[in-house]
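Produce the entire structure from the sequences given, and follow the hints as far as they go.
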Amino acid sequence: MRRILSVLMENEPGALSRVVGLFSQRGYNIDTLTVAPTEDQTLSRLTMTTHGNDKVIEQITKHLHKLIDVVKVVDLTEGPHIERELMLVKVKANDSQRAEIKRCVDIFRGQIVDVNANAYTLQVVGNSDKLDAFVQAIGGVDILELVRSGVSGLARGEKSLRL
Amino acid sequence: MELLSGGDIVVRALKDAGVKQIWGYPGGAALHIYDALFQQQDVQHILVRHEQAAVHAADGHSRSTGEVGAVLVTSGPGATNAITGIATAYMDSIPMVVISGQVPRDKIGGDAFQETDMVGISRPIVKHSFLVKDASEIAGIIAKAFYIAGTGRPGPVVVDIPKDVTAPNYRVPYEYPDKIKIRSYQPTTKGHPGQIKRAIKILLAAKRPVIYSGGGVVLGNASSQLTELAKLLNIPVTNTLMGLGAFPGTDRQFLGMLGMHGTYEANAAMHHADVILAVGARFDDRVTNTPSKFCPSAKIIHIDVDPTSISKIVAIDIPIVGPCDAVLQEMLDQIESASAKPDEAAITEWWTQIDEWRDRHGIYTQPRHEPSAGNIIKPQDVIKTLYKVTGGDAYVTSDVGQHQMFAAQYYLFDKPRRWINSGGLGTMGFGLPAAMGVQLAHPDAVVACVTGEGSIQMCIQELSTCSQYGLPVKIINLNNQALGMVRQWQDMQYSSRYSSSLYEDSLPDFVKLAEAYGHVGIRVTHFDELEEKMAECFSLKDRVVFMDINVDRSEHVYPMHIAPNGSMRDMWLSKTERT
Numbered sequence: 001m002r003r004i005l006s007v008l009m010e011n012e013p014g015a016l017s018r019v020v021g022l023f024s025q026r027g028y029n030i031d032t033l034t035v036a037p038t039e040d041q042t043l044s045r046l047t048m049t050t051h052g053n054d055k056v057i058e059q060i061t062k063h064l065h066k067l068i069d070v071v072k073v074v075d076l077t078e079g080p081h082i083e084r085e086l087m088l089v090k091v092k093a094n095d096s097q098r099a100e101i102k103r104c105v106d107i108f109r110g111q112i113v114d115v116n117a118n119a120y121t122l123q124v125v126g127n128s129d130k131l132d133a134f135v136q137a138i139g140g141v142d143i144l145e146l147v148r149s150g151v152s153g154l155a156r157g158e159k160s161l162r163l
Numbered sequence: 164m165e166l167l168s169g170g171d172i173v174v175r176a177l178k179d180a181g182v183k184q185i186w187g188y189p190g191g192a193a194l195h196i197y198d199a200l201f202q203q204q205d206v207q208h209i210l211v212r213h214e215q216a217a218v219h220a221a222d223g224h225s226r227s228t229g230e231v232g233a234v235l236v237t238s239g240p241g242a243t244n245a246i247t248g249i250a251t252a253y254m255d256s257i258p259m260v261v262i263s264g265q266v267p268r269d270k271i272g273g274d275a276f277q278e279t280d281m282v283g284i285s286r287p288i289v290k291h292s293f294l295v296k297d298a299s300e301i302a303g304i305i306a307k308a309f310y311i312a313g314t315g316r317p318g319p320v321v322v323d324i325p326k327d328v329t330a331p332n333y334r335v336p337y338e339y340p341d342k343i344k345i346r347s348y349q350p351t352t353k354g355h356p357g358q359i360k361r362a363i364k365i366l367l368a369a370k371r372p373v374i375y376s377g378g379g380v381v382l383g384n385a386s387s388q389l390t391e392l393a394k395l396l397n398i399p400v401t402n403t404l405m406g407l408g409a410f411p412g413t414d415r416q417f418l419g420m421l422g423m424h425g426t427y428e429a430n431a432a433m434h435h436a437d438v439i440l441a442v443g444a445r446f447d448d449r450v451t452n453t454p455s456k457f458c459p460s461a462k463i464i465h466i467d468v469d470p471t472s473i474s475k476i477v478a479i480d481i482p483i484v485g486p487c488d489a490v491l492q493e494m495l496d497q498i499e500s501a502s503a504k505p506d507e508a509a510i511t512e513w514w515t516q517i518d519e520w521r522d523r524h525g526i527y528t529q530p531r532h533e534p535s536a537g538n539i540i541k542p543q544d545v546i547k548t549l550y551k552v553t554g555g556d557a558y559v560t561s562d563v564g565q566h567q568m569f570a571a572q573y574y575l576f577d578k579p580r581r582w583i584n585s586g587g588l589g590t591m592g593f594g595l596p597a598a599m600g601v602q603l604a605h606p607d608a609v610v611a612c613v614t615g616e617g618s619i620q621m622c623i624q625e626l627s628t629c630s631q632y633g634l635p636v637k638i639i640n641l642n643n644q645a646l647g648m649v650r651q652w653q654d655m656q657y658s659s660r661y662s663s664s665l666y667e668d669s670l671p672d673f674v675k676l677a678e679a680y681g682h683v684g685i686r687v688t689h690f691d692e693l694e695e696k697m698a699e700c701f702s703l704k705d706r707v708v709f710m711d712i713n714v715d716r717s718e719h720v721y722p723m724h725i726a727p728n729g730s731m732r733d734m735w736l737s738k739t740e741r742t
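If you read the protein sequences in the order shown, they are chains A and B. Under my numbering, the first residue of the first sequence is numbered 1, with each subsequent residue one higher. Under my numbering, the first residue of the second sequence is numbered 164, with each subsequent residue one higher.
Treat the hints with caution; some may be incorrect.
Partial list, computed: chain A residues near chain B (C-beta under 8 Å) [stated by the list, open to error]:
#1 LYS66
#2 ILE68
#3 THR77
Here are some, though not all, of the chain B residues that point toward chain A, as calculated from beta-carbon distances under 8 Å [to be verified]:
#4 VAL282
#5 SER347
#6 PRO350
No wet-lab data here; the hints were simulated from the structure. Everything numeric in this text was worked out from a predicted model, so none of it was measured. By construction, the Cβ of each residue, glycine as well, lies at the ideal position given by its N, Cα and C atoms.
See the structure below:
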């Protein structure tokens, strides 16, 4: 089962390598990973999606907690939450395709963020399924490049992951 | 505030962390620190002959005292040589701080001479690690390193210090923190009272209970609470390889070690138990045999300071996360205040069953191996003789292999921290340097290193360190001229094809070798002379004695779990008998 784990950790060199190392060392999977400092410059927030049965996820969570640099861990998928991922796609866009691409981007509430004579760069934000659906929807055009940010997320309501 | 150089700060912080002895080996990147060590008396440095031995020696110090061990090595090969020792300590949760020199900051990443990414290389085998960036950080980091190493589930911590950070010309104010607080690290100090209450209820209702106690009881200084609880409820106790001595080995309630080479009665009792109280044990594959067949009718209570140990291998019914001593004490208190009693009739019946198992196949009710005679010396008899000659009260370190298992089976430890072996990683070469660490920490104690001709050659250079520092360890070499455990498996699983397990007359003359290092060598080839020569060995109190004992090379370690797909009770009892 797919899970989104959110990890608050010390913004120290080496902290990320310990998290990533834990996954490779113990044979766990990382599907997406994103990390950046928070409003408190001493803390980083790392969000990862992983999959595994309940036993595996429980072990992952406990092992993350055990890392000295990790302050808090929460499994966002345990409750209602918001998740977002950003995708940039550079597509071949000749005259005949431009209108169709634009329509498709509008339907997915995306934007065209760069234009030149032969290509568009598209930006779409949403949950991972929506991004997958967008890629399918523009299936007819040539994708030159595609990059996804990995999932970020927060729990809904007042629940928050903080010190 | 006093201004000190980085090198001086390292040494001063070690002193303030309570270090009296540090094991190590100098080299370029560590020279400023070594110069600082030279100019003071508080911290003694012991020069080993290989960095692996420095780590094992600090490990032996730690296991025998409970203190955090300390090691100092240089960058590059110094650091990588230390790795096996660090992994050994990590697998057995031994508290230790390893300080490694590093190339100067501006050279890091440039493939400088003797550069290696020590923090990276050691990452999977340390509890935590630090790369020091400035001299002003050293004292705080060393204090944190000792705190992290010694609290919670203990483990090794690496502190990597670039050479220029320790340079004598840069001085910063020295301040060792009074108190350590790390917001992301707060080890549990007590167990959940509700869980403890539930555990007691189940334990008291048990008809066939067993206490399965591991290295965590030794490390957590919970031996007295464990013994008290077992006595109070009259529950049989088995110890893991790492837990030997946590419950007195000569006590009637002790079933012996469990697991792959555990006793029949311990493994059978586990298999048939209805309640297992696991304390500071981690359901290692050398204990459980096939996990899906492990103790089919037991409810399992598991006390461990590390939550990741809970339900890792085997599903746990009542987990209790907390230090073993505090949790067991809380259990004792709750039982006392409730004046709760176990089911005495059922327990008596359980003991009758256990005694029947003991009589049937137990190794302590009668010898299960062939007797020694003439020039056939059985390795088991060597350990029994060692036990007799040392009055069962020696510190015994071991290497890895058959001799380790024989020592674990036949030297009955009545006290914790007396049995010192590499249980988790199984590191050959551990025994001698560990014995040095024990001996230096306990100068008047009797320290024996039970080893084999394979293992001893992995760190034999340390005989020289023993000379330099006057460490009169006694080496009991069970010489069967083969890698015994490898040979045993080759007998059992590879139709006796001894692939690279025989030495083919290439072994050194260990007696002469010992003498070359200035020590005493004693060879034993006949059983009649074993006890007398062993007594002579231990009468030479101030000397290192190397006893080279020719033991029967065809001997196997039994009992032994039948694997794969066996349960706890499925065992080979000899080469031909099985359960």
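> Are there hints from earlier that the structure breaks, and if so, what are their numbers?
Replying inline: Violated hints (numbers, rising): 3 and 6; every other hint is consistent with the structure.
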